[in-house]
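Please model the entire structure based on the sequences and the hints provided.
Listed below are the residues making up each chain.
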Amino acid sequence: MIQVPETRISPPQQRHELQSAAALQTASASLKASEIRKFLLQRGNSALADRWFHVLMLLCALSIFGIVLLIAGELAIGSSLSWGQFGFDFFFKTYFDPYTHLPVYWDPVNGHFSALPFVYGTLVSSFLSLLIAVPLAIGVAVFLTEMCPGVLRGPLAFLTELLAAIPSIIYGLWAVFVLVPLLREYVNPLLTGSLGWTGLFSDDNPTGLGFVAAAVILAIMILPIISSLTREVMIAVPHSQREAVLALGATRWEMIRMGVLRNARIGIVGSVILGLGRALGETMAVTMVIGNTPEIHRSLLANGASMASVIANEYAEATSNLHRSALTEIGLALFVVTILVNAVARLLVWAVTRGAPARSR
Amino acid sequence: MKLETNTTRARFRAITDNAVTLLAVLATFLVIAPLVAIFVYLIYRGYSSLSLDFFTRIPKPVGEKGGGMANAIVGSGILLALASVIGVPIGIGGGIFLAEFGRGTKLANSIRFTADVLNGVPSIVMGVAAYALIVSPHVRYMPLLGHFSAFSGGVALGIMMIPTVCRTTEEMLLMVPHAVREAALGLGVPNWRSVLSITVRTASPGIITGCMLAFARVAGETAPLIFTALGNSFWSTSLNEPIAALPLQIYVYAISPYDEWHKLAWAGALVLIVLIVLAVSLVRYVTSRGVLKGAS
Numbered sequence: 025m026i027q028v029p030e031t032r033i034s035p036p037q038q039r040h041e042l043q044s045a046a047a048l049q050t051a052s053a054s055l056k057a058s059e060i061r062k063f064l065l066q067r068g069n070s071a072l073a074d075r076w077f078h079v080l081m082l083l084c085a086l087s088i089f090g091i092v093l094l095i096a097g098e099l100a101i102g103s104s105l106s107w108g109q110f111g112f113d114f115f116f117k118t119y120f121d122p123y124t125h126l127p128v129y130w131d132p133v134n135g136h137f138s139a140l141p142f143v144y145g146t147l148v149s150s151f152l153s154l155l156i157a158v159p160l161a162i163g164v165a166v167f168l169t170e171m172c173p174g175v176l177r178g179p180l181a182f183l184t185e186l187l188a189a190i191p192s193i194i195y196g197l198w199a200v201f202v203l204v205p206l207l208r209e210y211v212n213p214l215l216t217g218s219l220g221w222t223g224l225f226s227d228d229n230p231t232g233l234g235f236v237a238a239a240v241i242l243a244i245m246i247l248p249i250i251s252s253l254t255r256e257v258m259i260a261v262p263h264s265q266r267e268a269v270l271a272l273g274a275t276r277w278e279m280i281r282m283g284v285l286r287n288a289r290i291g292i293v294g295s296v297i298l299g300l301g302r303a304l305g306e307t308m309a310v311t312m313v314i315g316n317t318p319e320i321h322r323s324l325l326a327n328g329a330s331m332a333s334v335i336a337n338e339y340a341e342a343t344s345n346l347h348r349s350a351l352t353e354i355g356l357a358l359f360v361v362t363i364l365v366n367a368v369a370r371l372l373v374w375a376v377t378r379g380a381p382a383r384s385r
Numbered sequence: 055m056k057l058e059t060n061t062t063r064a065r066f067r068a069i070t071d072n073a074v075t076l077l078a079v080l081a082t083f084l085v086i087a088p089l090v091a092i093f094v095y096l097i098y099r100g101y102s103s104l105s106l107d108f109f110t111r112i113p114k115p116v117g118e119k120g121g122g123m124a125n126a127i128v129g130s131g132i133l134l135a136l137a138s139v140i141g142v143p144i145g146i147g148g149g150i151f152l153a154e155f156g157r158g159t160k161l162a163n164s165i166r167f168t169a170d171v172l173n174g175v176p177s178i179v180m181g182v183a184a185y186a187l188i189v190s191p192h193v194r195y196m197p198l199l200g201h202f203s204a205f206s207g208g209v210a211l212g213i214m215m216i217p218t219v220c221r222t223t224e225e226m227l228l229m230v231p232h233a234v235r236e237a238a239l240g241l242g243v244p245n246w247r248s249v250l251s252i253t254v255r256t257a258s259p260g261i262i263t264g265c266m267l268a269f270a271r272v273a274g275e276t277a278p279l280i281f282t283a284l285g286n287s288f289w290s291t292s293l294n295e296p297i298a299a300l301p302l303q304i305y306v307y308a309i310s311p312y313d314e315w316h317k318l319a320w321a322g323a324l325v326l327i328v329l330i331v332l333a334v335s336l337v338r339y340v341t342s343r344g345v346l347k348g349a350s
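Those protein sequence lines, which keep their order, are chains A and B. The opening position of the first sequence corresponds to residue 25 in my numbering, with each subsequent residue numbered one higher. The opening position of the second sequence corresponds to residue 55 in my numbering, with each subsequent residue numbered one higher.
You can trust all of the hints, since none of them are fake.
Going by beta-carbon spacing under 7 Å, a handful of chain B positions derived as facing chain A: (1) LEU77; (2) ILE86; (3) VAL182; (4) THR276; (5) ARG338.
Please keep in mind that the hints were generated in silico from the structure rather than gathered at the bench. Remember, predicted model here, so these are calculated numbers, not experimental data. All C-beta atoms in this analysis are idealised placements derived from N, C-alpha and C, irrespective of residue type, glycine included.
Below you can see the structure in the form of structure tokens.
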């Protein structure tokens with residue numbers, strides 16, 4: 025990378041150089057040179073302006089650190105009440121009703137707050153969605169980089185990008201009116217019938233909402249992120265790797281497996297983790313289909329709630345300071361987890377694409 | 055020496071190869087299918103409920119027919135304008151720093167990394183932070199603060215725009231050839247002037263599309279608005295009051311039990327997606343045409 029020369033030429037010297045340069049030119053150019061000289065005389069000393077400009081741009085860039093610190097600070101202050109009251113128990117302990125002996129996780133009216141069902145809901149829906157999305161995303165990336173005829177590559181890549189641009193609220197709307205009825209009528213009975221013996225699928229939920237619906241819509245939403253990053257990582261694998269494997273007599277699949285996937289695996293893991301980060305924090309679509317009941321069920325077809333969905337549902341109408349503080353603490357947990365997950369993912373992707381040539385689209 | 059002595063193994067390898075090809079094609083179809091399904095259904099449901107009323111009327115109470123989302127469209131416009139005023143200059147400034155001043159330094163690398171990580175922070179967390187910063191009743195040091203308002207929604211969206219704008223600006227500025235900068239500096243133009251009127255201007259088509267991409271992203275954001283802008287079923291253009299927004303209105307209507315409202319939600323979703331697809335296609339067109347090639 026070439027560095028811009030930062031040496032500053034003092035004005036008189038500069039003017040002198042311009043004059044000598046102009047002397048080489050014809051008469052018409054000397055007119056221009058005098059204009060430049062006039063301009064140079066008018067502007068005066070630019071070192072001060074340059075320094076101010078530098079500082080201003082630095083402040084803009086530092087604002088990104090500022091935002092992260094501000095969010096962390098605000099969330100920490102907002103959740104201090106709940107933290108003081110519950111401590112770490114907030115994420116683990118449950119309160120059992122003395123009469124019915126049933127667990128009560130989240131009861132704002134009586135002041136029982138435990139984030140356990142929301143953590144459970146977030147983890148279950150996210151991992152279930154990864155289970156659906158990862159094989160598909162890798163399949164798409166393999167198809168787009170290794171198999172697809174050149175004519176189709178552009179439009180298909182554009183379509184997957186478009187999938188990433190659709191707002192979450194529209195996925196939610198579609199899920200509520202199309203996906204959930206579809207699951208309720210056809211898929212859920214099928215799952216219960218074939219896999220009911222595992223205890224994970226018991227179809228006693230007539231709404232069709234629940235973890236499976238949330239996982240399917242999440243999978244659709246994180247697919248483009250995983251597949252586009254996987255594609256980028258696979259493009260970054262040098263062609264010589266592919267050619268070497270092919271020259272040994274490998275079929276195309278063997279070439280992809282040994283030459284491409286094996287070299288790109290760290291980056292692929294990174295893109296999957298990035299998709300996980302997106303799934304953990306996804307709010308609107310999940311809120312609309314997960315059912316929003318703060319309970320833990322073994323069945324994946326049961327209603328549940330996620331960390332993001334409970335904030336979206338209750339924050340604006342929080343009944344007490346403690347309630348709001350507890351919700352803020354869930355937000356803080358979500359913030360910390362997504363920051364960590366994203367940082368790990370970025371480092372992994374960066375490790376693979378670092379030496380790669382400029383991204384080809 | 056015979057190549058391929060084991061024919062069953064050769065056949066097995068060929069079959070595996072074909073099966074994988076088939077699976078990859080199948081995966082691609084499975085991914086494209088929901089996209090097509092969403093678009094077809096959206097156009098089908100949305101188009102049938104779109105009318106002139108949708109763009110000119112405000113929502114009517116439950117049970118009355120008609121009504122539209124004029125206030126939500128205007129509200130979204132106000133929120134996005136405010137967000138752009140906050141997000142675009144700061145984002146571009148940050149991008150200029152990364153590409154022009156801090157290139158290759160530890161500081162720039164860590165800022166770039168933080169921007170990427172910040173991009174992945176869920177929007178609902180931004181909403182909670184904006185609530186604590188601006189809306190919370192404990193905040194009483196300025197007139198606009200301490201209650202639900204359009205201002206707080208705009209700030210939440212603006213903060214979300216900064217990392218995206220910053221990173222795309224940087225990427226676009228990095229594509230500007232060094233010869234252009236050197237030519238400007240060689241003529242004795244001060245550095246700030248060279249950056250603003252030479253480098254940034256050369257990269258401006260790319261920067262503008264980057265801003266539009268960020269704009270399209272926050273245009274569909276609902277989560278940070280639920281407890282900042284709150285929504286409003288009447289006309290309001292004041293920054294100091296709760297304001298309606300298109301995604302928020304779609305959310306409220308979608309989870310309501312009324313058929314009439316569902317229709318309006320679909321119409322709103324269609325309007326939103328048309329705006330976003332237009333923006334994304336424009337971005338795609340500009341970046342694929344390589345506007346920066348003429349500069350080198």
